[in-house]
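Protein chains: 2
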Amino acid sequence: MRTRVTDMFGVEFPIFAFSHCRDVVAAVSRAGGMGVLGALYFTPEELEMELKWIDDHVDGRPYGVDVVMPASYAGADLGVDSAEDLLARLQGMIPDGHRAFVDKLLEEHGVPPLSAGGEAGRALLGWTDATARPQVEVALRHPIALLANALGPPPADVVEQAHAHGVKVAALASTPRHAIKQVEVGVDVVVAQGTEAGGHTGEISTMVLIPQVVDAVDVPVLAAGGIGNGRQMAAGMALGAEGVWTGSIWLTVEEADTPEMARRRILEATSRDTVRSRSWTGKPARLLKNEWTDAWEAADSPGTLPMPLQFMLVSDALRRIGRSDAAELATFPAGQIIGAMNSVRPARDVVFGLVEEYVETMERLGRLTGE
Amino acid sequence: MRTRVTDMFGVEFPIFAFSHCRDVVAAVSRAGGMGVLGALYFTPEELEMELKWIDDHVDGRPYGVDVVMPASYAGADLGVDSAEDLLARLQGMIPDGHRAFVDKLLEEHGVPPLSAGGEAGRALLGWTDATARPQVEVALRHPIALLANALGPPPADVVEQAHAHGVKVAALASTPRHAIKQVEVGVDVVVAQGTEAGGHTGEISTMVLIPQVVDAVDVPVLAAGGIGNGRQMAAGMALGAEGVWTGSIWLTVEEADTPEMARRRILEATSRDTVRSRSWTGKPARLLKNEWTDAWEAADSPGTLPMPLQFMLVSDALRRIGRSDAAELATFPAGQIIGAMNSVRPARDVVFGLVEEYVETMERLGRLTGE
Chain E
1394 MRTRVTDMFG VEFPIFAFSH CRDVVAAVSR AGGMGVLGAL YFTPEELEME LKWIDDHVDG
1454 RPYGVDVVMP ASYAGADLGV DSAEDLLARL QGMIPDGHRA FVDKLLEEHG VPPLSAGGEA
1514 GRALLGWTDA TARPQVEVAL RHPIALLANA LGPPPADVVE QAHAHGVKVA ALASTPRHAI
1574 KQVEVGVDVV VAQGTEAGGH TGEISTMVLI PQVVDAVDVP VLAAGGIGNG RQMAAGMALG
1634 AEGVWTGSIW LTVEEADTPE MARRRILEAT SRDTVRSRSW TGKPARLLKN EWTDAWEAAD
1694 SPGTLPMPLQ FMLVSDALRR IGRSDAAELA TFPAGQIIGA MNSVRPARDV VFGLVEEYVE
1754 TMERLGRLTG E
Chain R
1394 MRTRVTDMFG VEFPIFAFSH CRDVVAAVSR AGGMGVLGAL YFTPEELEME LKWIDDHVDG
1454 RPYGVDVVMP ASYAGADLGV DSAEDLLARL QGMIPDGHRA FVDKLLEEHG VPPLSAGGEA
1514 GRALLGWTDA TARPQVEVAL RHPIALLANA LGPPPADVVE QAHAHGVKVA ALASTPRHAI
1574 KQVEVGVDVV VAQGTEAGGH TGEISTMVLI PQVVDAVDVP VLAAGGIGNG RQMAAGMALG
1634 AEGVWTGSIW LTVEEADTPE MARRRILEAT SRDTVRSRSW TGKPARLLKN EWTDAWEAAD
1694 SPGTLPMPLQ FMLVSDALRR IGRSDAAELA TFPAGQIIGA MNSVRPARDV VFGLVEEYVE
1754 TMERLGRLTG E
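Chains as they are written, first to last, in my numbering: chain E, 1394 to 1764; chain R, 1394 to 1764.
Extracted from the complex, chain E is given alone in its bound form (with noise of 0.2 Å):
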């Protein structure tokens, strides 16, 4: 299979894995894939240690890093540039009946403290400007394919750095208008995702947005959103992408290191059982459907906060419940595809399945119109 993406980063396959796991990262893009690591969770040394890891174990493949730098966030006009001062400043940003129903919510669960407390300096995470630049750098010290960015276009200075370092960037869009303005600085590839998607999403469909997608801007587009097997990656092809990109369903390979109470619940859940909602980031985000979810939208809810103040307020929380037995209250971002995801599979399984269906595929239409 041969198309612009393939041929940009020299991969067998335009698949493109999205994992916070190296594990997994590493196994696709040794089957000739990509895979690209999330970068959110790690801290700049974290990063480092996940990415030298990543150099010693992909056998000189192509892969690229994920990091989330927003267009807008509370915060951000603050003229901070410190993590810290930063951090301090939003603190006090959060108003204290949300603190008090983050409590009765976990109290009500019996949800136990964490004995060693609060990890505070985990609170912002990668979800600004101030705490993502130094994951880019970290990153730009290794030999990645593509810098990636989850929240609309990255900011002009650091596409600039990417391509000095002869990386290519790409940028997740949920509208048209996105793609365009994300094109106007540079991007070199853009991820259209659909509603259906795990994490961070618009509300158009794959199957509606990425043909709007492909007709506003001449860079290759990969189809995000619903893509799970290889009837949908074809789908995303017919659609005018030129490769797909693919998240929760690495959730549940072998190599992955998802906790074992979500990867349980991701077996078992249907593709009704997950929601677009702020509770985990402030922005919409598409997570397991639960308590911690309905909570959120009840009639005493005192509402979510806008984005990084919800994480800030939510984080210990929902490591704490990580922790505990209240699986019901267990969310984490999770697209519509885990409704089919019944098994557990190695990373590379699951690749060859995509190549191998994607081919069935093309067969089965050349019949139908007696190709």
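By construction, these hints were calculated from the structure, which means they are not laboratory data.
This structure is a prediction, so every number in the text was calculated from the model and none was measured.
Each pair may be met inside one copy or between any two copies, as identical chains are not told apart.
Within a straight-line C-alpha distance of at most 25 Å, the following computed DMTMM-like cross-link-like pairs (lysine to aspartate or glutamate) qualify:
#	residue 1	residue 2
1	LYS1682	GLU1596
2	LYS1574	GLU1661
3	LYS1574	ASP1608
4	LYS1574	ASP1666
5	LYS1497	GLU1684
Fit chain R to the supplied structure of chain E, relying on the hints for placement.
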């Protein structure tokens, strides 16, 4: 192009066009697709006239009729067979507060009353078993090729009745479980409809839903939701469908009797201008998002009523709005594809355009794999 669906109906292209306008239905069938008339808004006498007109203008080509027989609705358990008695009983179930909310909303927007008063006889439309059955009786007296049910599995005796007339039966499904139930009552074709579709729709996107439904049933599946061009048609077929079911794209064809205000709004709209809302019928339906749909989500909304009470509550209001200048309140069923509808063409050109782009897409995909 040949699938089990083209064989079943003897059509040239497996393109189904749902429309409330007889001119569109006949034009699509004459062009080699299959027009399907939505019977909902017609009394049995009117439906008889519409179908007679189609019989005279369809040049012997196959066409279908779509009715609404919801599996569940308020009043279904009252044991009332006559539409008049049912209507009277149901009217008493609408709270005064809801009536006051609608009156206030229209007053705020300066919508005048109808000079001729309301048309209570239309308030139930075909939303119930009692009102849809007479439509089925009328439809089966005509040489229709397909009877479709828009909301869940049709009653088993209706399926038998259709089959006894040599008429195939289709039903819309928004989950694999729905599809299995429909096949159990004898449905011949499942229309798997993604959340991006206009009108009554579920939560799962077309991209995610179609393969799940195709894998769950043995009968042919039509892909619905977000299909408006040949790339999207090819994507639907790649996902495993044997044809496509389209709706919104026929609202702006030359033949359509769409009110001018609505047509203009569709041509201007983006794909973000729709919303899934219960404010039309009480069941979730994708509508044009505007001040009407917003009002039912606002803090002072009394909430919507179950089908068919909600439509009984709002039917006069919607008719009054349609005849007023309050364009900001004029909503109607519309899918996300309206963002890509920017021109007015004859229905025949739309059919041929779908087919041409489908063929081009297959050629492009063939080149990707070097075929």
